[in-house]
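Below are the chains, spelled out letter by letter.
Number of protein chains: 4
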Amino acid sequence: MQKTSQLKQMLNSKKLEFILEAHDGLSGKIVEEAGFKGIWGSGLAISAAMGVRDNNEASWTQVLDVIEFMSDATSIPILLDADTGYGNFNNVRRLVRKLEQRQVAGMCIEDKLFPKTNSFINSEQQPLAEIEEFAGKIKSAKDTQEDPDFCVVARVEAFIAGWGLAEALRRAEAYYQAGADAILMHSKIPSADQILSFMEEWKDTCPVVIVPTMYYKTPTKIFEEAGVSLIIWANHMLRSSIQAMQTTAAQIYIDQSLVYVEDKIVSVKEIFRLQNAEELKQAEKVYLPTVSVGVR
Amino acid sequence: MQKTSQLKQMLNSKKLEFILEAHDGLSGKIVEEAGFKGIWGSGLAISAAMGVRDNNEASWTQVLDVIEFMSDATSIPILLDADTGYGNFNNVRRLVRKLEQRQVAGMCIEDKLFPKTNSFINSEQQPLAEIEEFAGKIKSAKDTQEDPDFCVVARVEAFIAGWGLAEALRRAEAYYQAGADAILMHSKIPSADQILSFMEEWKDTCPVVIVPTMYYKTPTKIFEEAGVSLIIWANHMLRSSIQAMQTTAAQIYIDQSLVYVEDKIVSVKEIFRLQNAEELKQAEKVYLPTVSVGVR
Amino acid sequence: MQKTSQLKQMLNSKKLEFILEAHDGLSGKIVEEAGFKGIWGSGLAISAAMGVRDNNEASWTQVLDVIEFMSDATSIPILLDADTGYGNFNNVRRLVRKLEQRQVAGMCIEDKLFPKTNSFINSEQQPLAEIEEFAGKIKSAKDTQEDPDFCVVARVEAFIAGWGLAEALRRAEAYYQAGADAILMHSKIPSADQILSFMEEWKDTCPVVIVPTMYYKTPTKIFEEAGVSLIIWANHMLRSSIQAMQTTAAQIYIDQSLVYVEDKIVSVKEIFRLQNAEELKQAEKVYLPTVSVGVR
Amino acid sequence: MQKTSQLKQMLNSKKLEFILEAHDGLSGKIVEEAGFKGIWGSGLAISAAMGVRDNNEASWTQVLDVIEFMSDATSIPILLDADTGYGNFNNVRRLVRKLEQRQVAGMCIEDKLFPKTNSFINSEQQPLAEIEEFAGKIKSAKDTQEDPDFCVVARVEAFIAGWGLAEALRRAEAYYQAGADAILMHSKIPSADQILSFMEEWKDTCPVVIVPTMYYKTPTKIFEEAGVSLIIWANHMLRSSIQAMQTTAAQIYIDQSLVYVEDKIVSVKEIFRLQNAEELKQAEKVYLPTVSVGVR
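Protein chains in written order, with the working numbering: chain A, 693 to 988; chain B, 693 to 988; chain C, 693 to 988; chain D, 693 to 988.
Read the hints as simulated data drawn from the structure, not as lab findings. It is possible that some hints are incorrect.
[To be verified] Once the Cα atoms are required to be at most 25 Å apart in a straight line, the calculated SDA-like pairs of lysine to any residue come out as:
(1) A/K977 - D/I823
(2) D/K977 - C/A853
(3) B/K956 - A/D896
[Said to hold, decoys possible] Between beta-carbon pairs, the in silico distance windows are:
(4) A/Q948 - D/W855: 53 to 61 Å
(5) A/M693 - B/E916: 56 to 64 Å
(6) B/R862 - C/N968: 21 to 29 Å
(7) A/E971 - C/N968: 39 to 47 Å
(8) C/N968 - D/W855: 24 to 32 Å
(9) B/E970 - D/K961: 29 to 37 Å
(10) A/I881 - D/T982: 34 to 42 Å
(11) B/K707 - A/K973: 38 to 46 Å
Ideal Cβ placement from N, Cα and C applies to all residues, glycine included.
Bound conformation, chain A alone (with noise of 0.2 Å):
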């Protein structure tokens, strides 16, 4: 089955389902060995792998690159957090077009104005966009995606941004009707009472997505209950590589030694196992010359 194909029955599954963020290939290809069926490429993981904040300073295709070698290390699909779109309509067609040449599942585009800031930064500060011209954007995409299951999931920044729930219902309706393949409803309070009140009204009008980065004590089967179709773990391969770097990097320059750190790290074995070495070992078997003489 296709990649797009893959997302859309996740999203339209009646089963709750998950996907865990990644930031790079590496990432993305343990993600997959994991089990999981389907990658979170988040902004704000690779945009601060990259070293840079999430503010749009690296330029649509930058994350383009990076997309493309996450989604050529893995086989599973991957829903690309696609900011604001990265401009207006026109550049959201331009980006469908790119995404669906790379294999790219999905995309997800919020309703906030670029450049963007993160959703849990001054949040209350930030202006949404108008939902006329959201909704052009969604129905732009829609229009423009050769593969009909490529899916285009819209973000409401309703809740983050200090509004209720009748803001947050106008706005998910709205994108709805423009064509948008589910709702992602995001919310930063550290409950999850938001994402139920939303639940309660929006029924089974189109697929929900959530963020539970904020609210993640609230038990898992509750969404479940509440009728949410996808959970997006957002961050958290990232966080937690950066803690073992953190822990690692102290280690060596405080030893000057690698002796305490060798039996906590994988082995560079693992390295090229994940880089899937072998493969290419049996293929220089069959298209090098047999006796290859410094003509590699």
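Starting from the known structure of chain A, arrange chains B, C and D on it as the hints suggest.
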């Protein structure tokens, strides 16, 4: 002091110095914060992070883009692991210009053939570059650099390819004569014998750099006494991040929840701190209109 | 002299100076060989050469890659047509750092909104940026640059958007106060009236740059007497190349032969000369082994 | 019909077909508008347009970026001049995947060594690739492609390197056996003798492609009768654009005015037409809010 001068000083100081691998802007920043005075821009780690193999599957400009982010995110010198220089002397000349533009302090090139294979894979079958041809690369690099302190480190793969001390010395001498600022003598046996035999003969001819990935059990003091200038901890940030991400992904997959992970990983705020989100917040006060509504 | 200082001097000299459009490394080199002292890195021409529209369809780093090739291929200053700065003040800060790394001498930013539309299309309907917001961009650029001679030219679109002299002056003054090194006063009417009315009021406040694409019939002497500092011939290399390529393609298509084309176009040798193939030939003598067989 | 199938059909048809060089999206579009059924993505022209040499100074992904713009801007098949494949068989495999993603119809690889030198420069001194090694590249490409109609053209440089007909035939046969969809037999003498002698022996084994840059005086009819499948006009768009730009730049420089140039070049409107600005204007009516003020 310029980053180039910092690196040159590390090579030429009588003190044994240490640099640690990084593979993107974020890991580079963590290396710096841990106290290290320099970064090893590892070809293995960068390719692995991208999700490709250490066989020049990524183009040299794709590696350059990663190194540019790393250089922007850090204030300590980066020594780039530039494989074979990605072609012949003319490619090396172009590379030097591009690295200088991006404030990369130096590059290490190795006497293998393009496209390269990682030194820990099938190493005995890997043909080496002709000495004269490789010396030409070094000379062209030194003639090209505009900043006199840009460092060219010549990596000798003689031991790796199964040759003995005589060939290692012959190559080291030729590369030194061609202008190399330091010799990286590589070895993949689990003891320091090859390195120490080389150091005994080489004496103080020019600075020596080593990569004790395989002979990490040898106490650092031994290398210090032998006169080594710089030790590269070559891939341990990547390996610790893989370890952590595999563990975290497995945990979240099984739990279908973040509760058992949250306390073991850094906070979202720590990501923001590493991205220096605070600086932007302050800058917005200076450069954005005081009453901005919807016109960011 | 640095490229930045050369451009700054052109802006500040009492003499009227001229720069010509280029859209890639080759056209940049031709501009330089023709005798021009500077190059206009035209957003319209660069996007058209790529085959996309002048609406920020190419990302800012894709434009940057073109400008880097152009800067490498030439030794005269480039003034980049940087549209709106590709976002807000923070994107502008990043852009300035990237341009300085690539030895681009200056940038021109315009007081429109991202994504931009070319000034000759639907111009009356194009909203302008808020003055305070645009002044913040200029100020942030000036605060960011490390080379004091890097030039920030502020392009006023007031006339283009249908506003009168008062608004043009108000904006020019605000941008000058914010630190702009020069004002580019744009006009699209087929006479020089708007420009001359502005010059009369503006006097010597700071250097003025103009783009007489539409009012090209006005003798250059008039602008010289009015005190204009720099004239940009903004798109004529591209337009002449289109003319020639359309003619050549049509001819070859009809003839199914090159015989009627060969004498009207430069030789293959002229391409090699423009690429400086000779330098490489000489360098190969220096850096390649004397008897190289199969090990380039 | 897919672009790949169009190209394959051109190669296999009994009719002599023609493709013309392009070096960016714009020139590609002009080739298409002139009526040509295909485009030659020339390595020489693309590198020259960038301002670098035809010696793999630009990385393969930088070439890929140009080809992606060209492919997006056109609807006829592109045959990419992919030099040696930019490395060994493994680099070729990666290239094929990247080209297919970008809807590039085929690639031509040549039996020289990386980094390459243009065939018209010092050609007798250029060593050729080992036959077995190059055949391995072809085989790996054919095994990699997902679309059965993606075309791999094998370029034989035997005549160029000073070898005779026997070597040319030996290589052509080996590459055909390895799976090449067509043989490009290159020749740089000013007569068609080498090509015709090859055609006489080769007969109908598989389609043959030629590049009559140097033997352009031979009437096309001769090649048609000899059974050639495809003629590449390899660099004439670039050469005509250089001619025109040099003339225009010189004229404007001397005149310090556009008046004598304006009538000899296309209008600004023609640029907009080539960019398809009209489509965006219509799309804005569909996707932008009807009363948009400052929130594009």
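Task: Violated hints, by number in ascending order, as checked against the structure - done: 3, 6 and 9
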